[in-house]
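Asks: Read top to bottom, the protein sequences are chains B and E. Residue numbering for the first sequence follows the UniProt record's numbering, starting at 1 and increasing by one per position. Residue numbering for the second sequence follows the UniProt record's numbering, starting at 1 and increasing by one per position.
No lab work stands behind these hints, which were simulated from the structure alone. Among the hints, a few may not be true.
[What the hints assert, rightly or not] Computed, partial: chain E to chain B, Cβ under 7 Å: (1) H11; (2) K52; (3) A55; (4) R138; (5) D139; (6) A145; (7) N189; (8) A235; (9) R239.
From the three backbone atoms N, C-alpha and C, an ideal C-beta is built for every residue, glycine too.
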Amino acid sequence: MTTEIVAPPAEARPMDLLRFATAGSVDDGKSTLIGRLLYDTKSLFTDQLAAVEAVSAARGDEYTNLALLTDGLRAEREQGITIDVAYRYFATPRRKFIIADTPGHIQYTRNMVTGASTADLALILVDARKGLVEQSRRHAFLCSLLRVPHLVLCVNKMDLVDWSQEVYERIADEFTAFAAKLDVPDLTVVPISALRGDNIVARSENMPWYEGPSLLHHLERVHIASDRNLVDVRFPVQYVIRPQSTTVTDYRGYAGQVASGVLKPGDEVMVLPSGFTSRIAAVETADGPVAEAFPPMSVTVRLADEIDISRGDLICRPNNAPAVAQDIEAMVCWMDETTPLRVGGRYAIKHTTRSARAIVRGLHYRLDINSLHRDESADELRLNEIGRVRLRTTVPLLADEYRRNRTTGGFVIIDETTNRTVGAAMIVEAA
Amino acid sequence: MTTPAAYRVSHLDALEAESVFVMREVVAEMERPVLLFSGGKDSIVMLRLAQKAFAPANIPFPVMHVDTGHNFPEVLEYRDQRVAELGLQLVVASVPEALASGLVRESGDGMRNRIQTPVLLDAVEKHRFDALFGGARRDEEKARAKERVFSFRDEFGQWDPKNQRPELWSLYNGRHHPGESIRVFPLSNWTELDVWHYIARERIPLPSIYYAHEREVIERDGMFYAVNEFFRPRAGEERFKAQVRYRTVGDASCTAAVRSDADTVEKVIEEVAATRITERGATRGDDRVSEAAMEDRKREGYF
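Next up, chain B with everything else stripped away, as it sits in the complex:
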């Protein structure tokens, strides 16, 4: 057994967690980049590498095809395509990373939206020789639609343009100008060569003109703690804990994960949709009471008064509450191959811990995600199409605008016949 230690033996300095999504196709070198990150952080195992090398050789690939690391399904290997979101993990002493690796082509908008929905950061790749293409703009738009707080553009294959500062700056300027039209709060551009490892872990000697951080340095240090909303208290009640026990009697706790804000014992709170108010008596975990609860903690809240509260209700502050709304305006990404979204369609929806039914009252427009042109004549949304939709729900949603709250502002649409998840919705307005 080797004794080389590549990760901290214990939690000396607790790591935090960064989730990022990658977008781009095999041609852009995305798989090579992920392979490089895993390899250089010693997260790639020798048996995984050996398996990939063996399959590559058997297929007659000229290089070890690192895409085979992420393409795990039989159909993907046979057809040489990436079907679905694959999750990959690596860690450095500072952070643990979860990569949602999503295929880049337009027919996979669904997967990109899925990967971006939980991402703190999105990484978009472009080929330095080709510059920005339609796909790069589409990825940037989807990241802004899903409100991914940090965006990184990797200008890859710098080795193939002679490490040219001019090429890099032209692409960076063009992308920055495009991103300014979108709602992108934080953008970083890094020139890299994934194949050769330039600016991946360490600063490249081939590009002395680049003064920014290496990609890994940026991923390790990008400040994500403030991305959480610590202002608006939103606690969707997930489950009511009432022990049927002789030792614990009269216990009633509201279990859930803090969506936003900070909850403390003594705080005055309001419960929606009833509107009753009370005070927080205690915030508990299995390990004992805590002084404060904040996202993404899973806790149990106990209130001073006995109020009828059940799953799907929401605890907030009396002077800072979400809308209690049945008329919802939302941007919807449609995800079903078989049936399009149409006006008059009836669906089930899941919003925080609340389930409801909804009817589509209107489709204002379908968005061309390449040109951002709005087609107001559209009467349906097909697979991978995005549009602005008006819905009426059977019961009120306790909703915020998605741009203010990614948890209380998003919901999924479910086909009640097939039970499949057919749409993702981001609330624009709730009344």
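Assemble the complex: chain B is given as a structure, and chain E must be docked to it using the hints.
Replies: Here is chain E on its own, set in the frame of chain B:
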């Protein structure tokens, strides 16, 4: 009371919070959940998370052990002890009983990995379980890297990788028709090292075979198999004593050990952090059958 420093959340706390959320979703939305308990470290961690999710109430679902009959005695002992301590209801889906009743037949190689699946599905049907918690992690294997946290299974328990439900934010869709079910993987985003860090932090006891001990083994395909009543050396395979530990716990006829001196959780963490071979690659004969061995078994209804 603890006071947070600048609202910091460590990666282990974030993972724990996510797993607890997932388990509560299942209990809130599903009729008859069950936790698949193998006595392996992942299912042991899952059981601890279940305790945390519902405290101070008891764990509100039974546990099920799919018993191949090829058990490590240390693991069975551990199982019975935990079940008694936590006051759990234990369901045993027994492969030996299924062999006796004719539900399944012994496979040619004597391995019982594949024939576990019909036994599992039979128990699911008999008890009408509609949600099965499994301890699988996405870092284990490439088919698992693409599986959802809530993984829909049809009435035959089959996974259809090309027809998975999109899973956005933390909105899990557990809807299903009668006879269909959902496999739920609360540890999806944990790595082997995360599991060990958590075991250390929570001081969770494990079956002794996870720590270094001396055992009589033979070497086959670069793996060390314990010689016992379920595993017979082939001609020419030499028995010898070695200091080993198990990285995974499965059927005793196809789970191999690794050479190790790590006899404490801290030493195991050092070892896992330094190792360059995946845990299934190092210890599981059953995954070496083909490039897509795991995907094929999952399609048939495997864990």
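Asks: Each hint should be assessed against the structure and marked as holding or not.
Replies: Tested hints:
1. Proximity of H11 of chain E to chain B holds as hinted, the smallest CB-CB distance being about 4 Å (cut-off 7 Å).
2. Using the Cβ-Cβ criterion of 7 Å, the hint placing K52 of chain E at the interface with chain B is satisfied: the shortest such distance is roughly 4 Å.
3. Hint status for A55 of chain E: holds, given a least beta-carbon distance of 4 Å to chain B, under 7 Å.
4. Satisfaction of the interface hint for R138 of chain E is found here, the shortest Cβ-Cβ separation to chain B being roughly 5 Å, below the 7 Å cut-off.
5. With its C-beta approaching chain B no nearer than about 5 Å, D139 of chain E sits inside the 7 Å limit, and its interface hint holds.
6. Here the hint on A145 of chain E is kept, as its CB sits about 5 Å from the closest CB of chain B, short of 7 Å.
7. Interface restraint check for N189 of chain E: the shortest CB-CB distance to chain B comes to about 6 Å, inside 7 Å, so the restraint holds.
8. Checking A235 of chain E against chain B: minimum C-beta separation of about 28 Å lies over 7 Å; hint violated.
9. Using the Cβ-Cβ criterion of 7 Å, the hint placing R239 of chain E at the interface with chain B is not satisfied: the shortest such distance is roughly 21 Å.
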